[in-house]
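Protein chains: 2
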Amino acid sequence: MSKGSDLRRRAGQVMPAGVYGHVSTRLLPDAYPQFMSRAEGAYVWDVDGNRYLDFMCAYGPNLLGYREPSVEAAVAAQLAIGDVMTGPSGIMVELCETLVAMIGHADWAMLCKNGTDATTLAMTVSRAHTGKRKILVAEGSYHGAAPWCTPFPAGVLPEDRAHIIKYIWNDTPSLEAAVREAGDDLAGIIASPIKHDAFVDQMLPDPAYARRARQICDQTGAMLIVDDVRAGFRLARDCSWSLVDVKPDLSAWGKCFANGQPISALLGSDKCREGAASVFATGSFWFGAAAMAAALATLRIVRESDYLEHSIALGEQLRAGLGDAAARHGFAIRQTGPVQMPQILFEGDADFRIGFGWAERMVKRGFYLHPWHNMFLCAAMTPADIDATIAAADAAFGELRRDMADLRPHAALLEILG
Amino acid sequence: MSKGSDLRRRAGQVMPAGVYGHVSTRLLPDAYPQFMSRAEGAYVWDVDGNRYLDFMCAYGPNLLGYREPSVEAAVAAQLAIGDVMTGPSGIMVELCETLVAMIGHADWAMLCKNGTDATTLAMTVSRAHTGKRKILVAEGSYHGAAPWCTPFPAGVLPEDRAHIIKYIWNDTPSLEAAVREAGDDLAGIIASPIKHDAFVDQMLPDPAYARRARQICDQTGAMLIVDDVRAGFRLARDCSWSLVDVKPDLSAWGKCFANGQPISALLGSDKCREGAASVFATGSFWFGAAAMAAALATLRIVRESDYLEHSIALGEQLRAGLGDAAARHGFAIRQTGPVQMPQILFEGDADFRIGFGWAERMVKRGFYLHPWHNMFLCAAMTPADIDATIAAADAAFGELRRDMADLRPHAALLEILG
Numbered sequence: 009m010s011k012g013s014d015l016r017r018r019a020g021q022v023m024p025a026g027v028y029g030h031v032s033t034r035l036l037p038d039a040y041p042q043f044m045s046r047a048e049g050a051y052v053w054d055v056d057g058n059r060y061l062d063f064m065c066a067y068g069p070n071l072l073g074y075r076e077p078s079v080e081a082a083v084a085a086q087l088a089i090g091d092v093m094t095g096p097s098g099i100m101v102e103l104c105e106t107l108v109a110m111i112g113h114a115d116w117a118m119l120c121k122n123g124t125d126a127t128t129l130a131m132t133v134s135r136a137h138t139g140k141r142k143i144l145v146a147e148g149s150y151h152g153a154a155p156w157c158t159p160f161p162a163g164v165l166p167e168d169r170a171h172i173i174k175y176i177w178n179d180t181p182s183l184e185a186a187v188r189e190a191g192d193d194l195a196g197i198i199a200s201p202i203k204h205d206a207f208v209d210q211m212l213p214d215p216a217y218a219r220r221a222r223q224i225c226d227q228t229g230a231m232l233i234v235d236d237v238r239a240g241f242r243l244a245r246d247c248s249w250s251l252v253d254v255k256p257d258l259s260a261w262g263k264c265f266a267n268g269q270p271i272s273a274l275l276g277s278d279k280c281r282e283g284a285a286s287v288f289a290t291g292s293f294w295f296g297a298a299a300m301a302a303a304l305a306t307l308r309i310v311r312e313s314d315y316l317e318h319s320i321a322l323g324e325q326l327r328a329g330l331g332d333a334a335a336r337h338g339f340a341i342r343q344t345g346p347v348q349m350p351q352i353l354f355e356g357d358a359d360f361r362i363g364f365g366w367a368e369r370m371v372k373r374g375f376y377l378h379p380w381h382n383m384f385l386c387a388a389m390t391p392a393d394i395d396a397t398i399a400a401a402d403a404a405f406g407e408l409r410r411d412m413a414d415l416r417p418h419a420a421l422l423e424i425l426g
Numbered sequence: 009m010s011k012g013s014d015l016r017r018r019a020g021q022v023m024p025a026g027v028y029g030h031v032s033t034r035l036l037p038d039a040y041p042q043f044m045s046r047a048e049g050a051y052v053w054d055v056d057g058n059r060y061l062d063f064m065c066a067y068g069p070n071l072l073g074y075r076e077p078s079v080e081a082a083v084a085a086q087l088a089i090g091d092v093m094t095g096p097s098g099i100m101v102e103l104c105e106t107l108v109a110m111i112g113h114a115d116w117a118m119l120c121k122n123g124t125d126a127t128t129l130a131m132t133v134s135r136a137h138t139g140k141r142k143i144l145v146a147e148g149s150y151h152g153a154a155p156w157c158t159p160f161p162a163g164v165l166p167e168d169r170a171h172i173i174k175y176i177w178n179d180t181p182s183l184e185a186a187v188r189e190a191g192d193d194l195a196g197i198i199a200s201p202i203k204h205d206a207f208v209d210q211m212l213p214d215p216a217y218a219r220r221a222r223q224i225c226d227q228t229g230a231m232l233i234v235d236d237v238r239a240g241f242r243l244a245r246d247c248s249w250s251l252v253d254v255k256p257d258l259s260a261w262g263k264c265f266a267n268g269q270p271i272s273a274l275l276g277s278d279k280c281r282e283g284a285a286s287v288f289a290t291g292s293f294w295f296g297a298a299a300m301a302a303a304l305a306t307l308r309i310v311r312e313s314d315y316l317e318h319s320i321a322l323g324e325q326l327r328a329g330l331g332d333a334a335a336r337h338g339f340a341i342r343q344t345g346p347v348q349m350p351q352i353l354f355e356g357d358a359d360f361r362i363g364f365g366w367a368e369r370m371v372k373r374g375f376y377l378h379p380w381h382n383m384f385l386c387a388a389m390t391p392a393d394i395d396a397t398i399a400a401a402d403a404a405f406g407e408l409r410r411d412m413a414d415l416r417p418h419a420a421l422l423e424i425l426g
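As they're listed, the protein sequences go chains A and B. According to my numbering, the first sequence is numbered sequentially starting from 9. According to my numbering, the second sequence is numbered sequentially starting from 9.
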């Protein structure tokens, strides 16, 4: 039995149903490795020693490459002094100053651990600031795994979402209808900066929609919240809606700004400083200095390197190469979203059997892609990595073409998709 | 200007109202340092170089002494391989197996980051498992900073607590009344293992109360949840209610089981495995391997060393010495709770001015005590440390006696206490 199979069997005994959450491979082709043994640069190794060029980047945290030397050095240096202590290190102030200096709309910062901490805090601060209750959330957007927002609501009560009103992302009439429904009780509007929902094409924001959301908040006093946990610093060195020239009142950050060390943040403007000051928010490890040191080192590279332009160039190379390779084998693929955060779906693939077939043939070749979740490029990838990916894709498309009649939909996925 | 004062001023600009959460010194005497520069063993140093024997232990995470060598080595070794990756390390399975082997009631584990993650997940799993809604929570108990439980409910809505019913901890008739109020809709009862509420004496559980809670859950199918985030592994090498021979269905853990590395856990029995499997719970950093490596190293020491007996012996030495010293100067102090998690309050001190006066005189002498929150001893403390604490306390009590007429209540604290 492989190490991976043995670990899966044991995990099934000591976790409720094996590995849970976003890293579970239950909704991926069977060939996907569940457990990893090592990560370095753009690569991960599974517990059986297979190496993969990793287009998931730990689902976001890996921005610069795993174990980026200056970030690792900052963590080691801080751990040698002190991490979680009876009071924060002075670098907490330095990190808040850095974030406020880098992010155009921000006058203050609160650091936390999970992305969900930051989005939930954004909701709470909005309610505390406005004294109102309704929060507008786009249908299908992921904002975390708390009762008010988790996408699979087992154990969640209607009351947990009593004052959540749904609207359609990027659809101004739908947003306006939700605002009317909120009446004079609108506390905030939360939006992903781009549409990066699972299972569907990604979408960039219509500037008119983003501006209208800003205008509504200005008119009503509600808070405009951008959930930049997934896309933050992947699209810009500022809040992602700086690309459409719209400043939110609050923005939630996480995943990659410490290149994998556990830290998230809520950033806000002076407008809601008092509301933020009134909310009690804390966690046992929120003031740990090692993750803050990693954030300072990561943000220095964000400011001083071409990591972003490099990632975009690689993404363009990948998108062009994959499009050509797919066409050569008669596949029509939809590559959506920013090139450095690609989503790749197949035309005519309602039950995802083609996408799963292709992803499986790629992972077996050592390229870890995802058949229904947006992917991420990291700055440690090289043009040669992308060339190798395109060559492997060409071979995988060819094999897939021959195997089309044998493809079957994935049982667990079918269940989720209804 | 001292470094500490300068950092406070800057923090007030880039955080909503300076340092927030449980590490804020806003509700402590002015002499308390807000920012720390270093931690080692039983000591912390503030940013101006002053050293303190630290009786807060980072509010719990420091169990064995800051920077315990074998834990630090495990973290460094794991960071050199990989931490947050596209999939968990195999040591996640090893850690879940370890927790299940050590904790009597547990058949499975889910690892997370914040203590609040674990307690909130316990609530959600209880509701998912039972299909019922009501959760019984003791008045004044701290279970985290989420909308359903935060002690300062700015930004929280009545709906967030619509199905929370309050009872009095350790009071069986009150518990039974709350159960009657829940009717046939009881999902769970959550209890701290000991009463360790802020501002009041601590209390050990009456075994009859704990047994009655177990019996009610057995009769109704509700989940019995022990919130061991703060006291776990401080009282026993098993769930803290093993001391009264009561097994919960779920227990929440955090703070100290990785000796300061960020990790928490929900442990559960087979009875609610299916409910747990149905709940979607995840976080960007929950599967990071460095904190898991730290947990494995910490739990090895928990099993193989006399850390617990050593902490209890130090606690007994401290309690006896402080009682004598206080009496010598005509003060009546109440030292409550387990000796290794002491709460120290003064008789006749309704507005806490005496306690604040004493704590201030201790912190100036280099002993970081807390005037209204339970404290923690760590295994790195020595009998000589405790002797030094008692000698300093004797001097501080003497000075306090002379200064009694000048003591004033603390303005921010008075506001909180109403």
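These aren't lab readings, by the way, just hints derived from the structure by calculation. One or more of the hints may lead you astray.
One copy or two, it doesn't matter: identical chains are merged, so the pair holds either way.
To be verified - In silico EDC-like links for lysine to aspartate or glutamate, alpha-carbon gap of 20 Å or less:
| # | residue 1 | residue 2 |
| --- | --- | --- |
| 1 | Lys140 | Asp246 |
| 2 | Lys11 | Glu102 |
| 3 | Lys11 | Asp192 |
| 4 | Lys11 | Glu105 |
| 5 | Lys372 | Asp56 |
| 6 | Lys140 | Glu167 |
| 7 | Lys11 | Asp115 |
| 8 | Lys174 | Glu184 |
| 9 | Lys255 | Glu423 |
| 10 | Lys279 | Glu184 |
| 11 | Lys255 | Glu312 |
| 12 | Lys11 | Asp193 |
| 13 | Lys255 | Glu184 |
Can you tell me if Lys11 and Asp192 fall within 20 Å by alpha carbon in one copy, between copies, both or neither?
neither (58 Å within a copy, 47 Å between copies)
Give the relationship of Lys11 and Asp193 under a CA distance limit of 20 Å: within one copy only, between copies only, both, or neither.
Neither: 55 Å inside a chain and 45 Å across chains, both beyond 20 Å.
Within, between, both or neither: how does the pair Lys11, Glu105 come out at a Cα-Cα threshold of 20 Å?
between (46 Å within a copy, 16 Å between copies)
At most 20 Å between alpha carbons: which applies to Lys255 and Glu312, within, between, both or neither?
Classified as neither; 23 Å inside a copy, 55 Å across copies.
Intra/inter-copy verdict for Lys279 and Glu184 if alpha-carbon distance must be at most 20 Å:
neither (23 Å within a copy, 47 Å between copies)
When Cα atoms must be at most 20 Å apart, do Lys140 and Glu167 count as within-copy, between-copy, both, or neither?
Both ways: Lys140 and Glu167 sit 16 Å apart in one copy and 13 Å across, limit 20 Å.
For Lys140 and Asp246, with the copy left unspecified, which applies at a CA distance of at most 20 Å: within, between, both, or neither?
neither (29 Å within a copy, 45 Å between copies)
For Lys255 vs Glu423, is the C-alpha pair at or below 20 Å within one copy, between two copies, both, or neither?
neither (40 Å within a copy, 36 Å between copies)
Under a CA distance limit of 20 Å, which applies to Lys255 and Glu184: within one copy, between copies, both, or neither?
Within one copy only: 19 Å inside a chain, 52 Å across chains, cut-off 20 Å.
Quick one: Lys11 to Asp115, C-alpha cut-off 20 Å, is that within a copy, between copies, both, or neither?
Neither, since 49 Å and 22 Å both go past 20 Å.
Is it within, between, both, or neither for Lys11 and Glu102, if the alpha carbons may be no more than 20 Å apart?
Answer is between; shortest inter-copy Cα gap is 13 Å, intra-copy 44 Å.
With 20 Å as the alpha-carbon cut-off, assign the pair Lys372 and Asp56 to within, between, both or neither.
within (13 Å within a copy, 56 Å between copies)
Hints 1, 3, 7, 9, 10, 11, 12, counting from the list given before, are not met by this structure.
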